[in-house]
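Trainee: With the hints as your guide, set chain R onto chain W.
Going down the list, the protein sequences come from chains W and R. Numbering follows this note's numbering, with no gaps: position 14 of the first sequence is 14. Numbering follows this note's numbering, with no gaps: position 155 of the second sequence is 1155.
Since the hints were made in silico from the structure, they are not lab data. Please note: incorrect hints may appear among the correct ones.
As the list claims (entries may be wrong) - Capping the alpha-carbon separation at 25 Å, the derived lysine to aspartate or glutamate pairs in DMTMM-like fashion look like this:
| hint | chain 1 | residue 1 | chain 2 | residue 2 |
| --- | --- | --- | --- | --- |
| 1 | W | Lys285 | R | Asp1109 |
| 2 | R | Lys1108 | W | Asp340 |
| 3 | R | Lys1082 | W | Glu345 |
What the hints assert, rightly or not - Covered stretches of chain R (in silico footprint by chain W; criterion: 3 or more residues with CB under 8 Å from a CB of chain W, positions within the stretch not fixed):
| hint | segment |
| --- | --- |
| 4 | 1121 to 1132 |
| 5 | 1316 to 1325 |
From the three backbone atoms N, C-alpha and C, an ideal C-beta is built for every residue, glycine too.
Number of protein chains: 2
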Amino acid sequence: MLVSSAGDSLQRLQELGELVISAIKRGEFPKLEMPDRSTNNIVFNKEKNQFVLGPSQICRDSSNTRHVRSFSQLLWVASFAKTLLESGRTSSLRDLYYSSEAYGVHFKDQAESDRVVSDLECVVGLAREDLGIFPEERSSIFGQVTMRYSVAGYEGREIDLTMSPDGFPIGPALVTAEPVATDAELILAVESGGMFSRLIETGAWRRFGAVLVQLGGQPPRSTRRLVRRLHEALNLPVYIFTDGDPWGMHIAQVMISGSANAAHVDGLTVPTAKWIGVTPADIRKYSLPTEPMSDADLKRLDELARDPRYANPESQRHISEFRELRRKAEQQAFSRFGIDFVVEEYLPDKILDPSDAKRVTKQ
Amino acid sequence: MLVSSAGDSLQRLQELGELVISAIKRGEFPKLEMPDRSTNNIVFNKEKNQFVLGPSQICRDSSNTRHVRSFSQLLWVASFAKTLLESGRTSSLRDLYYSSEAYGVHFKDQAESDRVVSDLECVVGLAREDLGIFPEERSSIFGQVTMRYSVAGYEGREIDLTMSPDGFPIGPALVTAEPVATDAELILAVESGGMFSRLIETGAWRRFGAVLVQLGGQPPRSTRRLVRRLHEALNLPVYIFTDGDPWGMHIAQVMISGSANAAHVDGLTVPTAKWIGVTPADIRKYSLPTEPMSDADLKRLDELARDPRYANPESQRHISEFRELRRKAEQQAFSRFGIDFVVEEYLPDKILDPSDAKRVTKQ
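So that you can see chain W by itself, here it is in the shape it has in the complex (with noise of 0.2 Å):
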């Protein structure tokens, strides 16, 4: 199971007062053992295709004075996201955060909150979202799949994602929703609120069978996992198609194998989703109109090629192909041809060539 429910939330976090709470009882200082997230424990799982936590552990120990203050922080933050889960509420990591002093636990700024979060995701192995705690930050979805919400208020009641013309905001009524139905054939992520505004307006989305997804930059967490839960629970294919720079590949390869900041975290990846352009080669076969890639731009490329995520023939290739181009395109570039190229010309030729298809389905 991808996201656990609330009842499933709660129980693990009982679990954790009750390890704490016996070894009280014994006379004992309590202790907790949590795999340790620091960069040398980090390895990349080349099956997985994807980073992993290795097997180093941490102990968080109550009988070390240095330790007390992380320890305390840890369970008061378990105890907020019990109080979240059994009175149905979410609360952003920056409330979160100014939540602490109505409890007199003190943290020295949003970034201590944040690790102490983490720390707890590790402990119980849930994700933030499953404890009700969620980033400010929203994606949107359009397109043909019903969800199923259980937030409070509105349990059981379903949603057809077509409903809304100008999409769905990705929060936490629709993170933590169930898809029950489909008639769509693939996942189409795009980077820019214009470009998926303009795949809804001209009926893209009908002709593609595509459930829309806006990441706007570097997607939040909760995307990357409603965007695998449809994957699996659906069945569905993921393309991604973003900009056409370090920038943009690295949205996608961050989909596809994750990140090291989310090691510990399982269901956000989906493997086999694939980066459909803006490709190096797209900018010179279609002619795009271009701006010289920034030094910022060629050193994030020298990174990438280092990065283990990009050790396959494909995504260097890329690589290379931005070096010796020196040049970005942005999606919107297409628009050169006419507003409606994108869909007519551009897209069919990813998505619908049977080579690609059957590249997916393969993966």
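Mentor: Just chain R, lined up with the frame of chain W:
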């Protein structure tokens, strides 16, 4: 009428075209007159409490070689908008910029094409949204309002804006939809996504009869238009709740009195809207967790103190209290009293206070 129908917009564009063609037929160089949008001609109208354009006009004269470029750019944007409206499409400002290449029209950068879009707004007296042109950014809305869509494929379909517990993005479809019914009593615009979610999931929207609008910082013009339309069409007072700093104050003030940048566009402001906080007095009263103001914050306060939109006793009082305090607080800071405090205590005080309610009605 606040938003013109596609038919009205098309007619204005056609009149513009006929003006140009008839001049050519008479053997004259076509000229276009429009209000001057330079700083010299932006004046503050005390009665309306907003920036408007003064009487100065400028002329784009196609017989003047220095005008030929901007004249033809303007006509191209007009013809692009006509194509959009005729085909029921929209375009982002970014897409419009890239689309120009398809027609051999050149813009130096997007800033230039954005400026020409503003020129066209002046010439035809319509906002860019009436011409099918939208920015990329989106904010969100949730509440007891039924809207009737007019976008292609959804003509006449109605949506209840409580159907999605994550809210609805304020995109092209919602901005051009018609409000048809409401059970709400007020509009509450909030700055952060976290606050927006909190007010949905606690049922605060029902308790206060509030249509919730998430601004996400300085909101796009289309969001301000939608708020104004709901305010007028449904007779709902507007409250604005932002972070307690000069930037938050200014988000509210722009919604109330408009901005110099949009002085040529009608239908964006709600002069009776009220900024409810976080005020400097709130920061003191609730002993909120604060951060010290940065130099940029203090400089911004100085600018606001001289700004004609703040030339009223209440605004000046807020500014001088902020200057004394030299500290700022976020909306989320109320969570120090528990995550429901803002719903249980703060907002009822602010929104349900009888003297405030009277003031809103009287304004």
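Trainee: Hint numbers the structure violates, sorted upward?
Mentor: 4 and 5
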